[in-house]
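One letter stands for each residue in the lines below.
2 protein chains.
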Amino acid sequence: MRIDLNQPALTREQRAQLQEMWKRCVKRIIASTTLAGSGHPGGSLSALHILLMLYATLNHRPEDPAWEQRDRIIVSMGHISPGVYSVLCEFGYFEEDEFLLEFRRVGSPFAGHVEHCVPGVEWNTGNLGQGLSAAAGIALAEKLKKNNPSWVVALMGDGEQQKGQITEARRFAVKYGLSNLIGIVDRNHRQIGGDTEKVMPQRVRAEYEAAGWNVVYVEDGNDFDQIFTAFKKVFLRQVKNPDTPTVIVARTVMGKGISFMENNAKYHGMPLSEDEAERAFQELGITNPIPQLKSKRKTHTNFRPFFKYPRKKVQIDVGKPRTYGADEKLDNRSAYGAVLEDLARLNNLNSVPKVLGFSCDLEGSVKMNKFHQVCEKAFYECGIQEHHAAVASGAISKEGFLTFFSTFGVFGVCETYNQQRLNDLNETSLKVVCTHLGLDVGEDGPTHQCIDYIGLLKNLFGWFVFLPADPNQTDRIVRYAAQIDGNVFVGMGRSKTPVITDLKGKPFFAGDYRFEPGKADWVREGDDIAIMSYGTLLSHAARASDILRDKHGIGAAVINCASIKPFDRKAVLEAAKRRVIITVEDHHVDTGLGAIVSSILAEEGIPCRCVRMGITRYGQSGKPAELFRWLGIDTDGIVRAALNVYRKKASVSA
Amino acid sequence: MRIDLNQPALTREQRAQLQEMWKRCVKRIIASTTLAGSGHPGGSLSALHILLMLYATLNHRPEDPAWEQRDRIIVSMGHISPGVYSVLCEFGYFEEDEFLLEFRRVGSPFAGHVEHCVPGVEWNTGNLGQGLSAAAGIALAEKLKKNNPSWVVALMGDGEQQKGQITEARRFAVKYGLSNLIGIVDRNHRQIGGDTEKVMPQRVRAEYEAAGWNVVYVEDGNDFDQIFTAFKKVFLRQVKNPDTPTVIVARTVMGKGISFMENNAKYHGMPLSEDEAERAFQELGITNPIPQLKSKRKTHTNFRPFFKYPRKKVQIDVGKPRTYGADEKLDNRSAYGAVLEDLARLNNLNSVPKVLGFSCDLEGSVKMNKFHQVCEKAFYECGIQEHHAAVASGAISKEGFLTFFSTFGVFGVCETYNQQRLNDLNETSLKVVCTHLGLDVGEDGPTHQCIDYIGLLKNLFGWFVFLPADPNQTDRIVRYAAQIDGNVFVGMGRSKTPVITDLKGKPFFAGDYRFEPGKADWVREGDDIAIMSYGTLLSHAARASDILRDKHGIGAAVINCASIKPFDRKAVLEAAKRRVIITVEDHHVDTGLGAIVSSILAEEGIPCRCVRMGITRYGQSGKPAELFRWLGIDTDGIVRAALNVYRKKASVSA
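From first to last, the protein sequence lines stand for chains F and W. According to the numbering used here, the first sequence is numbered sequentially starting from 30. According to the numbering used here, the second sequence is numbered sequentially starting from 30.
Isolated chain F, as found in the complex:
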């Protein structure tokens, strides 16, 4: 089915055909949820007419879901998966039975909330309020790549309009003139808790208007003709201001089409019982398919394989590493900024930039300013809107752009943890480079000191986590990250940091050094104890080792664990031969490197002590050196701890 928006109106045949399609989809929505014993039929029905009209009018190819010229439909309220799958199979993306027999079963792609392992689904959603940000990211990609960009539609629930992130996305879309971005609000006035006006009163249209969007209202969003008229207006660019995004607010009815489901919030997230389903099918004049499907479902085990959209690769020239001499004092942020500048010069001077930068009102602090200067159109200032920025940059990172998102650690990790989690589920390829990690933030105090970047990111299965120790390693890690597919976190402190050198005084992370994920660097050798560290405190660990050797005759190996995920397990086993490992980090003492090392030791049951040095309480406002001293995790503190454990070890051996 394909309807041309240039038609003056729907034809009688189209209307009839849409009605038949609608009926089949209603059947699937009810059957799938009742069969699964769970799911969301109410919203699926309320949005069904809109979904059908979207797939009937927009450009897409069921036989080639990843077709470059397709329009995009992001379903932000992922719980209406029964509606989405019903429509996708109606349009030929897959067989009806696959969906009905597998919905909400382990091993099947047909999950309870839409996932992109189903062809036709562009973006995993479920946690509400993120879809508009993702759509904005994709709309921006389209605008960058094409003179005639594809439409990007974010279909949203009305309950989720309450989420603050949506207001952030709205502003971003206006700022960047995302005229190809269309929001549709399924305004059924119901959410789990009942009437939206009772749960949380909100003037949805007034809000979009205040944000500068075109607003098109559809009085009956369950009427194909009215939707068609609205779509004509919007997609033929007959809105008030065609240079700005548009929202269609469509008044719908939750549970539309089944009398006892209509306007009943109970069916937001609850399937019909088999008896209720029988009644529903009677109303529709359809034979109840459930009994037959139920027995088929029991024996169906050959599940549909997970669909994979092809990864969009981007060829990046990462240039040559810069090397900072042993006597230079530089912050890692500046080394990062220099790489970004190189990347812009080498990749962004053609019409379409390949490397993009996103930041949240911290361009200068995170050293994106030179990158910005080299290529204005590659830099996106998102304002103090981190939730939106995390998702939008995540979405665009899958569209053939090497995308960097930079802000302070507390904003790029703590504040947006859940957005980064959803990015992970969406298999984005975002490079989050956070500056201002740890107590090294200094005087801005505990609200700004991110001391849990490992503790948080360790929970996300897909992310790489790299923490360079000095400007040279920063340079090499960022260039490495620019070349790999997947989500990468690179973290660094705020302050100037010494260039790490070998015993001869030569820069350690230069010359033949190549960064390899999962490989630790033995910065100092030593057979008595081992010190494992990374990032800001690595230089302290190295100095401590030098003092221990020169003043106390103790050999303390220093192992730099810049690659936290993946981790160098072998390095721990090797270090453990010394029977004492001290971990030192500008991070919560219980959740970072020390915990990782401990877990490996305990897995093996190796009798090696692990003394964890790190942050044992919230920080204060003061100079980093004073904060490290206060908590005993500076050079002197490490020496003291090393002497202490070494003596204990010696007394046990004796």
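Each hint should be verified, as a subset may be incorrect.
All copies of an identical chain are treated as equivalent in the list; a pair is satisfied when it fits inside any one copy or across any two copies.
Said to hold, decoys possible - Within a straight-line C-alpha distance of at most 30 Å, the following computed DSSO-like cross-link-like pairs (lysine-lysine) qualify:
{"#": "1", "residue 1": "K606", "residue 2": "K677"}
{"#": "2", "residue 1": "K358", "residue 2": "K323"}
{"#": "3", "residue 1": "K269", "residue 2": "K227"}
{"#": "4", "residue 1": "K652", "residue 2": "K337"}
{"#": "5", "residue 1": "K678", "residue 2": "K599"}
{"#": "6", "residue 1": "K606", "residue 2": "K678"}
{"#": "7", "residue 1": "K599", "residue 2": "K677"}
{"#": "8", "residue 1": "K295", "residue 2": "K525"}
{"#": "9", "residue 1": "K227", "residue 2": "K204"}
{"#": "10", "residue 1": "K535", "residue 2": "K358"}
{"#": "11", "residue 1": "K175", "residue 2": "K227"}
{"#": "12", "residue 1": "K204", "residue 2": "K341"}
{"#": "13", "residue 1": "K204", "residue 2": "K342"}
{"#": "14", "residue 1": "K172", "residue 2": "K227"}
{"#": "15", "residue 1": "K327", "residue 2": "K652"}
{"#": "16", "residue 1": "K652", "residue 2": "K295"}
{"#": "17", "residue 1": "K525", "residue 2": "K327"}
Calculated from the structure, these hints are not laboratory results. The structure displayed is predicted, hence computed values, not measured ones.
Since the structure of chain F is provided, determine the placement of chain W on it from the hints.
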């Protein structure tokens, strides 16, 4: 200084006096930041007139900062601490020198972002966009407690208006008629990145209007007379709709008063150099105090002690525990709901409820509905606005109400991690009870499966973390949590769970059982290996132990670690005597119980293997039992793993 808002206008004397105060405060703002070598003078100057007028007109007692009848001033843009401290010392909250000599130094309360260890500061801020939520929580508390509630003012920056959370707070404030809540936006049109219109265009007044607030505009927010006129209108309730909250948008100038600082975004977060400061003091016609202060600062070490607002205690009758029999099948959520109902009946039937409940469109799922029914006015439905809900409930929890915030784990922890972190810094006393933890969520799939609740909360120093194993333990833990001061997380799955019994078949967590934080429960004895678990999988661990004993003759101790923070270190040492510990959890395998146990073993260097069983990849959509089987962490999987490690252990011993 005290100005009566009933005056028709400022008197000439008052104007002159305010001008003198202003000048002294400017001096402090410049001196403090230049002395510290960091800080935020620009916004401090732009908001200074407003700050002075607030403290001159509102009710407060410098000699008794915690005075019950005071109006509250929440400074949401915590970086204007130099301005806040300058005004507070002007009004006598502390000595000028304390502030000037200690600003931004380790060991001093005068931190870079305002903290409540300074008398007069009500709420720690720094991460932007949270102040209005906190103020809304306090305004609600005032409304509940008093017929004539005190004013609660949230002074905000204009940059932070971009944060989505502010829009959430706006709606909540309208819904609950918080007419005593006043927002003030310091509209200087500058943020770090420059002109707010360039960084992120936003129609601030239109947004507040669309949200249903009264909007009062001040054309010159650096003019005492204009501010006074606006304050009269607002605080004498002469706004359009006195039943709804009001925002004052005051057009100000960043850096106001020093010619070269005005409208210069550079001075948002950068102090003047000593030369620039000298110029500034010349402009003001003031002797430069810096040289003298600088030398005093060097020798000043006797820092002002941290101020402590008295904790507001609330006497709660927690009733008697309910006991569920061995044959009852119940979800922990329902047991939680039953306790809430008891708490409402026992404590909320007087005019002012003592126990409050907050939820985000999940009242039924989190079982708050009976609580709601018993006492309508104690339940606050926040809509799908978790960021706001977390902060508002945190704020009200310090105001003499036992406050529960309940939602799914992904919303109460993952989405709001940073809000809970700030709650921790604010030493709130919030009880976050999250349901729907782990793969036990089932068919809603990975977006809804919170598998990192320990991994995240472990990073927060202040929080208690309790994870009950069955309805009986849930009952006792929630009643316990209701009695203690501080932030408590109680987490549980979604599904019905067997009542844990002893070997005689009697409910384990009943009778003489008393919950004690930091104490694990030995649910099964056994000398061969130890299994440590909690929550949803504890019943699997117990069954596995029974099978190992009955079928294989292996003694597997089962230790229930319901108290994750604080943790029972002794239990690990005791368990480790068996040389093998298996940890089993419905949680990320690397960041939960297994990591805690491993860290303790490695700290001691005990040669005991720790086999971590848990979630090794993102979940899928399916029934919990199938998901546990899929990942091998159900009863059978535990038995298999136990046999495997037991045999290895035996072969090593042999």
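Unmet hints by their number, sorted upward, for this structure | When the structure is compared with the hints, none of them turns out to be violated.
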